[in-house]
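Same order as they appear, the protein sequences are chains A and B.
Each residue of the first sequence is one higher than the one before, starting from 1 at the first, in our numbering.
Each residue of the second sequence is one higher than the one before, starting from 394 at the first, in our numbering.
Treat the hints loosely; a few may be bogus.
[Claimed, not checked] Computed, partial: chain A to chain B, Cβ under 8 Å:
(1) ARG54
(2) THR59
(3) GLU62
(4) THR91
(5) LYS126
(6) GLY127
(7) GLY245
[As the list claims (entries may be wrong)] 20 Å max Cα-Cα, derived SDA-like pairs, lysine to any residue:
(8) A:LYS126 x B:LYS467
(9) A:LYS126 x B:LYS458
(10) A:LYS126 x B:LYS485
(11) B:LYS503 x A:GLN69
(12) B:LYS467 x A:THR83
(13) A:LYS126 x B:VAL529
(14) B:LYS458 x A:ALA124
(15) B:LYS485 x B:VAL529
(16) B:LYS467 x A:GLN69
(17) A:LYS126 x B:ALA516
I should point out that these hints are in silico values taken from the structure, not numbers from a laboratory.
This one's a predicted model, so the numbers in the text were calculated from it and none came from an experiment.
Glycine residues also receive a C-beta, built at the ideal position from the N, C-alpha and C atoms.
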Amino acid sequence: MTDQQTRRDILKAGATGMTAALAQMSLPSFVFPAQTEDEDLVPFLDMPRTGPNRLDWETLDEWLTPQDQVFSVQHYGVPEFETEGFQLEITGLVEKPQTLSLDDIKAMPKQDQLMTLECSGNGASKGFMNAVYNSKWTGTPLAPILKQCGLKPEAKEIVFFGVDRKEETLRKDTKRELKVEVPFGRSLSVEDAMNLNLLLAYERNGEPIEHRNGAPIRLIVPGWYGIANVKWLKRIEVRDRRYMGRYMGRDYVTVRGERKDGEVVFVESSVTRMNLKSIVARVTRQATDDKGVPVKAYGAAWDDGTGVKQVEVKVDDGPWQTAKLDEEPHAKFSWTFFSIDLGHLKPGKHTIVSRAIDVNGRIQPSADDDEIALKKTYWEAYQQWPREIELES
Amino acid sequence: MQKTRQRRPLGNPIGAIVFLLAVTTFAAVNAEEPQTTETPTGSEASQDAGTVQGTVYYHPDPKRKWRYQRFYVKNSKVGQLAEAVVVLTPEKRSREKSTHKPQTVTVDQKNFQFTPETTAIQAGDRVKFLNSDNQVHNVRSYHPFRSFNVSMPAGKEHVETFAKAGRIKRPYQIGCVYHSSMRAWIYVFDHPNFQVTKTDGQFELKNVPPGKYKLEMVHPAGELQWSQEIEVNAGKTETVDINVSPDDVNKKDS
Chain A
1 MTDQQTRRDI
11 LKAGATGMTA
21 ALAQMSLPSF
31 VFPAQTEDED
41 LVPFLDMPRT
51 GPNRLDWETL
61 DEWLTPQDQV
71 FSVQHYGVPE
81 FETEGFQLEI
91 TGLVEKPQTL
101 SLDDIKAMPK
111 QDQLMTLECS
121 GNGASKGFMN
131 AVYNSKWTGT
141 PLAPILKQCG
151 LKPEAKEIVF
161 FGVDRKEETL
171 RKDTKRELKV
181 EVPFGRSLSV
191 EDAMNLNLLL
201 AYERNGEPIE
211 HRNGAPIRLI
221 VPGWYGIANV
231 KWLKRIEVRD
241 RRYMGRYMGR
251 DYVTVRGERK
261 DGEVVFVESS
271 VTRMNLKSIV
281 ARVTRQATDD
291 KGVPVKAYGA
301 AWDDGTGVKQ
311 VEVKVDDGPW
321 QTAKLDEEPH
331 AKFSWTFFSI
341 DLGHLKPGKH
351 TIVSRAIDVN
361 GRIQPSADDD
371 EIALKKTYWE
381 AYQQWPREIE
391 LES
Chain B
394 MQKTRQRRPL
404 GNPIGAIVFL
414 LAVTTFAAVN
424 AEEPQTTETP
434 TGSEASQDAG
444 TVQGTVYYHP
454 DPKRKWRYQR
464 FYVKNSKVGQ
474 LAEAVVVLTP
484 EKRSREKSTH
494 KPQTVTVDQK
504 NFQFTPETTA
514 IQAGDRVKFL
524 NSDNQVHNVR
534 SYHPFRSFNV
544 SMPAGKEHVE
554 TFAKAGRIKR
564 PYQIGCVYHS
574 SMRAWIYVFD
584 HPNFQVTKTD
594 GQFELKNVPP
604 GKYKLEMVHP
614 AGELQWSQEI
624 EVNAGKTETV
634 DINVSPDDVN
644 KKDS
C-alpha cells in the first residue's frame with residue numbers, strides 16, 4: 001500500500017466512520033514528525049527483545065501497524081475450520097432470525113473503522129508490553145442488521161460467540177466439579193450493541209483479516225479492549241438476561257479496592273472500555289555538545305474515544321513538560337502520536353515517563369496511585385510506564 | 394466439531410512457520426557475554442584435521458530496515474553479527490559412534506528474556522534452565538523428538554537432556570507460556586563442528602575431519618539463513634567470511 005492510497009483510505013474512513021478532524025489536511029507520511037537523520041536510538045535498559053507478531057515500540061514509525069507486528073491472543077486455541085460455506089447466525093430474541101454468508105455480509109454497506117486495539121493485559125509486566133496495534137478495519141455495521149432482525153422487547157443482552165470452543169471446568173477439585181464444553185463468548189448490552197458503531201469486519205488495512213486475527217468475520221467494538229472484539233464470529237444471540245461466560249464473569253474481571261469512608265472495599269468489574277494510556281515508544285539522541293546530550297522522546301497515547309487532550313513527559317524528578325501531539329493522522333478511536341524535545345540531558349542514567357490527560361481532565365495514573373495500587377488483577381494495566389535509558393557521553 | 398490447534402511456542406501460525414523455518418540466537422549485544430555456552434569444539438588442533446574460520450557480517454540497507462538489527466549488530470558500520478549459529482554439515486554423516494562426554498550448559502530467564510537466547514550443544518548434553526526474575530516463568534518446547542512444559546517459579550532450576558540431534562533444520566524452540574515475547578533456541582548437533590557467534594561475529598571451527606561440507610549459518614531470532622559448499626583439508630585453515638543482507642532475512646528454506 002502506498003502512502004497516497006493509505007491517506008485516501010484514511011480520509012474515506014474519516015468521512016464514513018466516527019472520526020473527526022480528518023478533512024482538508026495534507027497528510028505527510030505516517031511517521032513521527034521532527035525526527036532527523038542525525039538522531040540515534042537510545043535503547044531502553046533491561047527490556048526484553050521484541051519478537052515477531054508484537055509491536056516493536058522502538059521502531060514504531062507507522063500509524064497503521066504493519067501485520068508482522070500485530071499480536072494475537074486466544075483462549076481456546078486457534079480453531080481450524082473451512083471458511084468456504086461459512087455462515088453467521090443471528091438468533092435468539094429476534095423477530096426474524098438471519099443466517100448470513102460471507103458474500104451476504106460483503107454485499108452490505110461497507111464501512112471503515114480506524115481503531116487502536118489493545119489487549120487488556122498489555123503493560124501488566126515487562127514481558128507483555130507490545131500487545132497493541134492500530135488498524136483500519138473494513139466491514140459492515142451491525143446495528144442496521146440487528147434492527148432488520150427486529151429485537152424483541154425483552155431483549156437485554158447480545159452475546160457474540162466465536163467458532164473456538166473448549167472444555168471448561170467449574171468448581172475445580174470440589175464435589176460439585178462440572179466439566180462442560182463451551183464456545184468462546186462475550187456480550188454487550190443491547191444499548192451498547194446498538195450505539196457503539198459495531199462492525200462485522202472482514203478486512204484489516206485493506207487486506208483480508210489474517211486467520212489468527214479472527215477471519216473470516218471479526219466483531220469490532222470501537223473503544224473496547226481486545227477481548228470484546230470476538231474473533232471467528234459465528235453466532236450472535238439476543239438474550240433476556242446477562243451472559244456470564246468465563247470471559248465476562250470469571251476471567252477478564254478486574255478486582256480493585258476502592259476507598260469508601262476510609263475503608264477499602266473491593267469491587268469486581270468486567271473488563272470493557274479501554275482506559276486512558278500513553279507510553280514513551282522511543283528516545284533518541286544527537287551528538288553531545290557543550291551543554292550535554294540533546295534528547296527527544298516519541299510515543300503514543302490512546303483511550304476509549306473520549307479524547308486525549310494532552311500528553312506530558314517527565315525526566316527523572318523534573319517537572320512535567322507538555323509534548324506535541326500529532327494533529328494528523330488522527331481518528332477518534334486511534335492512538336495519537338506525540339513527540340517532545342527534552343533539551344540537553346547529562347550523560348548517565350535517566351528515567352523518562354509520559355502521562356496522558358483527556359478532555360475531561362482525567363490524568364493517567366502512576367503505579368502507586370490508588371486505582372492501580374489497589375488493583376489486584378493484571379487486566380487494565382494503564383499505569384504510567386517509566387522508561388530507563390543510559391546516555392553515553 | 395472443529396479441531397482445535399494447540400498453541401505453538403509463538404502461539405500462532407506465523408510462530409509455527411518461524412519454528413519450522415528453523416531460525417536462531419542468543420544473549421543481547423549489550424548484555425554480558427554468556428558464561429556457560431562455550432561450545433565444545435575439541436582441544437588442540439590436529440594435523441589430520443582442518444580449520445574453518447571467519448566472521449559473520451550483516452550489511453544493512455537503509456531502505457530495507459531489519460528491525461532486529463539493533464539487538465544483534467553492535468556497530469552497523471562494521472556489521473559483525475552476534476548470535477548466529479555457524480555449523481559445518483558433513484556431506485556424508487559419520488557412522489562412528491559418538492564419544493562425546495555430555496556437558497551441561499545454562500540458560501537463564503532474566504529480565505523477561507532467555508539468556509542466552511541461542512545455544513548450540515551436542516546430542517546428549519544437558520541444558521539447565523534457571524529463573525532469575527522475581528516472577529513466575531515457564532519453559533516449554535514442542536518438538537517431534539522431545540516436548541516439555543515446566544513451570545518455573547522464581548529461583549527454580551530445571552535440567553533437560555537433549556538426546557537427539559535436530560541439527561540446523563530442527564532446533565528446539567523454547568518459549569515461556571506466560572510471556573510470549575520470550576524466545577530461545579537450542580540447536581543440537583551430532584558432531585562438534587559448530588559455534589554461536591559473540592558480538593565480534595567471529596567463528597573458528599577446529600579439528601574438522603577433512604572432507605566436503607556445507608558451511609551453514611542461521612540466525613533464528615533474526616530469521617536469517619546462509620549456506621555455502623566448502624572443502625576442508627588436513628592441516629589447512631580455510632577463512633570464509635559470511636556476508637548477509639536484507640536479502641537473507643526470512644528466506645524460505647532452500
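Evaluated hints:
The interface hint given for ARG54 of chain A is met, as the beta carbon of that residue sits about 6 Å from the closest beta carbon of chain B, less than 8 Å. The restraint placing THR59 of chain A at the interface with chain B holds, with a minimum CB-CB distance near 5 Å, inside the 8 Å limit. The beta carbon of GLU62 of chain A comes no nearer than 12 Å to any beta carbon in chain B, farther than 8 Å, and the hint placing it at the interface is violated. Below 8 Å, beta-carbon pairs count as interface contacts, and THR91 of chain A has none with chain B, the closest being about 19 Å; its hint is therefore violated.
Interface restraint check for LYS126 of chain A: the shortest CB-CB distance to chain B comes to about 5 Å, inside 8 Å, so the restraint holds. Given hint, GLY127 of chain A at the interface with chain B, holds; its Cβ is 3 Å from that chain's nearest Cβ, closer than 8 Å. A cut of 8 Å between beta carbons decides the hint on GLY245 of chain A: the least distance to chain B is about 17 Å, and the hint is violated. At roughly 23 Å between alpha-carbon atoms, LYS126 of chain A and LYS467 of chain B are farther apart than 20 Å, so this suggested pair is violated.
The suggested pairing of LYS126 of chain A with LYS458 of chain B is violated, with an alpha-carbon distance near 25 Å, which exceeds 20 Å. In summary, the hint linking LYS126 of chain A to LYS485 of chain B is not supported, as the alpha carbons are separated by about 46 Å, beyond the 20 Å threshold. Pair hint LYS503 of chain B plus GLN69 of chain A does not hold up; C-alpha atoms about 24 Å apart against a cutoff of 20 Å. For the given pair, LYS467 of chain B sits about 46 Å from THR83 of chain A by alpha-carbon distance, which is inconsistent with the 20 Å threshold.
Restraint check: the Cα-Cα separation between LYS126 of chain A and VAL529 of chain B comes to about 13 Å, which is no more than 20 Å; the hinted pair holds. Simply put, LYS458 of chain B and ALA124 of chain A have alpha-carbon atoms about 29 Å apart, too far for the 20 Å limit, and the pair is violated. Proximity of LYS485 of chain B to VAL529 of chain B is assessed by CA-CA distance (about 45 Å); at most 20 Å being required, the pair is judged violated. Taken as a hint, the LYS467 of chain B and GLN69 of chain A pair is broken in the structure, with Cα atoms around 23 Å apart against an allowance of 20 Å.
Pair hint LYS126 of chain A plus ALA516 of chain B does not hold up; C-alpha atoms about 34 Å apart against a cutoff of 20 Å.
Hint compliance for this structure: hints 3, 4, 7, 8, 9, 10, 11, 12, 14, 15, 16 and 17 are broken, all remaining hints hold.
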